[in-house]
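Novice: Sequence:
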Amino acid sequence: MKAVNNVNSIISQKIINQDPSNQKKIDDILLNLDGTDNKKNLGANSLLAVSLAVRKSAIILNKENYSNFKKDVSLPYPLMNIINGGAHADNDLNIQEFMIRPDSAKNFMDAIEKCFLVIQNLKKILKSKKFLTNVGDEGGFAPSINSNEEALNLIVDAIESAQLKPGLDISICLDVAANELVDKKGNYSIQSDRHETVDNVVKYYQNLVSKYPIKSIEDPFAEED
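Numbered according to the UniProt record's numbering, the sequence shown spans residues 1 to 225.
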């Protein structure tokens, strides 16, 4: 309700009678009206909702700035979460999400098919190793494995079992969710119960990237780092 009140009582006063085709001006008005870096005064929910509403209004009024690009719009390729750890799973993995990215996909359907092949093969591998194939909160498998490296090895094996090339057809992306892994002293427990400094964590990531086809690491450090 607070977001609705902000729109009706504050934001609307500045947006009414503005030209909806000038999206940049609208967004600048919204940002200046809030006046904070993290949008805490009016809230991101309020600001984003108004920005999107103005954009839709411009389309309805046939004042869409980007109409020339409509023919080129396509669905982005997915990152698929296939192994869960951290707060999303009841296992000993500290990294929260192990994802795959279909780099060689020709289109969205091909991307889905390639990812599905890897997921199918990962399930077979987990069963062959007597792991349960239950899933975590985000839908990826949540096997009872003890290290990030073991999870990465399983994913590489699954990619190869699907007759795909790690790093060429399919790459790996991580969401560490490092805020969940740092203590009050600023030390991280990325690896089991080891407590390490930021510098050591950087070296750990560098080591992983050198050994595995990792192309992206999301939230590798806590907010203050």
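I should point out that these hints are in silico values taken from the structure, not numbers from a laboratory. Where a beta carbon is used, it is the ideal one built from N, C-alpha and C, also for glycine. One or more hints might be untrue.
Distance condition first, Cα-Cα at most 27 Å in a straight line; then the derived DSSO-like pairs of lysine-lysine [said to hold, decoys possible]:
(1) K14 to K2
(2) K106 to K24
(3) K106 to K40
Each pair of labels, with its calculated beta carbon distance range [said to hold, decoys possible]:
(4) E224 to N146: 26 to 32 Å
(5) S12 to N38: 33 to 39 Å
(6) K24 to N200: 42 to 48 Å
(7) N38 to N134: 32 to 38 Å
(8) D19 to V209: 44 to 50 Å
(9) K165 to P76: 39 to 45 Å
(10) N207 to K124: 27 to 33 Å
Novice: Next step is simple, just say for each hint if it's right about the structure.
Specialist: Verification of the supplied hints:
no.	hint	verdict
1	K14 to K2	holds (18 Å)
2	K106 to K24	violated (33 Å)
3	K106 to K40	violated (41 Å)
4	E224 to N146: 26 to 32 Å	holds (29 Å)
5	S12 to N38: 33 to 39 Å	violated (22 Å)
6	K24 to N200: 42 to 48 Å	holds (43 Å)
7	N38 to N134: 32 to 38 Å	holds (37 Å)
8	D19 to V209: 44 to 50 Å	holds (47 Å)
9	K165 to P76: 39 to 45 Å	violated (22 Å)
10	N207 to K124: 27 to 33 Å	holds (29 Å)
Checked against the numbered hints given earlier, the structure breaks hints 2, 3, 5 and 9 and satisfies all the rest.
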